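Asker: Produce the complete structure using the sequences and hints provided.
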Amino acid sequence: MGRRGAAPRKGDLREQALLDAAEALLEHTSLEELTVEAIAKGAGISRGSLYFYFGNKHEVLAALVERTMRTIRAEADSTAQDAASPPVDVMERAVHGVERVWREHGTVMRAAVDYSALHPVIGSAWNDTVEAFARSMTQVLKRAGIPDEHGPDGAAALAGALCWMTERTFYRAACSPGEDLAHATATTMEIWRRVMNG
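Read left to right, the sequence shown gives residues 1156 to 1353 (the numbering used here).
Hints were generated in silico from the structure; no laboratory data involved.
Check before you lean on any hint, since a few could be wrong.
Distance windows between CB atoms, simulated [as the list claims (entries may be wrong)]:
#1 R1225 - E1345: 26 to 32 Å
#2 F1207 - E1345: 45 to 51 Å
#3 E1345 - R1265: 20 to 26 Å
#4 R1202 - D1303: 21 to 27 Å
#5 L1273 - R1164: 30 to 36 Å
#6 M1320 - P1241: 17 to 23 Å
#7 G1203 - E1182: 24 to 30 Å
#8 E1187 - W1319: 23 to 29 Å
#9 Q1171 - H1305: 38 to 44 Å
#10 G1306 - L1168: 47 to 53 Å
#11 H1251 - F1207: 37 to 43 Å
#12 S1185 - G1306: 40 to 46 Å
#13 Y1206 - P1332: 35 to 41 Å
#14 G1300 - R1323: 23 to 29 Å
Model, not experiment: these values are computed from the prediction.
C-beta: ideal position from N, C-alpha, C; glycine also.
Answerer: As structure tokens, this is what we get:
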């Protein structure tokens, strides 16, 4: 008789509840004003129980950033592995995926950028994600004919610069009053296209 898939452990569910509570609180509370007590209360556990999972609110935010970034990395990885589609189409899907994550988790994304320089654990989670995305997009640029060489015009250097440009463009759009993420997507894709089409 086959074994059914394992159900999520109680601890995993609590950790996810803590992250969900923190994300909801960040919609209307700055990180400075966010408290461990509020996060625990939002998750329906005691403050002391929160410390079983996280040492402080910065660790909660870092885990929240990591959870959100996993979505971007997974999409970038699957997109980059699409060897059948034209590289420009692959890039466009990747950028649309980034836009979707900014729409769905803009609060977390903005907090990650805002606090990455102040809190090393948050900065590390954010930087690791952008760099992982750049590695995936390096493969797409190589398929588009960008040379795989070291130096400022190689695929890795261009992918890194384009990914950090994409991050900053979406951040600025998310912070603007109209949150014009569609405009950010169109502009970002145009720049990627120009690089890819030489």
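Asker: Each hint should be assessed against the structure and marked as holding or not.
Answerer: Verification of the supplied hints:
1. R1225 - E1345: 26 to 32 Å: 28 Å, holds
2. F1207 - E1345: 45 to 51 Å: With Cβ atoms ~48 Å apart, the hint holds.
3. E1345 - R1265: 20 to 26 Å: 24 Å, holds
4. R1202 - D1303: 21 to 27 Å: At 51 Å between Cβs, range violated.
5. L1273 - R1164: 30 to 36 Å: 33 Å, holds
6. M1320 - P1241: 17 to 23 Å: 22 Å, holds
7. G1203 - E1182: 24 to 30 Å: Since G1203 and E1182 have Cβ atoms about 26 Å apart, the given range 24 to 30 Å holds.
8. E1187 - W1319: 23 to 29 Å: At 26 Å between Cβs, range holds.
9. Q1171 - H1305: 38 to 44 Å: 41 Å, holds
10. G1306 - L1168: 47 to 53 Å: 49 Å, holds
11. H1251 - F1207: 37 to 43 Å: Since H1251 and F1207 have Cβ atoms about 38 Å apart, the given range 37 to 43 Å holds.
12. S1185 - G1306: 40 to 46 Å: 42 Å, holds
13. Y1206 - P1332: 35 to 41 Å: Roughly 38 Å apart at Cβ, these two residues keep to the hinted range, so it holds.
14. G1300 - R1323: 23 to 29 Å: Because 26 Å falls inside the window, the suggested range holds.
Comparing the model with each earlier hint shows a violation of hint 4 alone; every other hint is respected.
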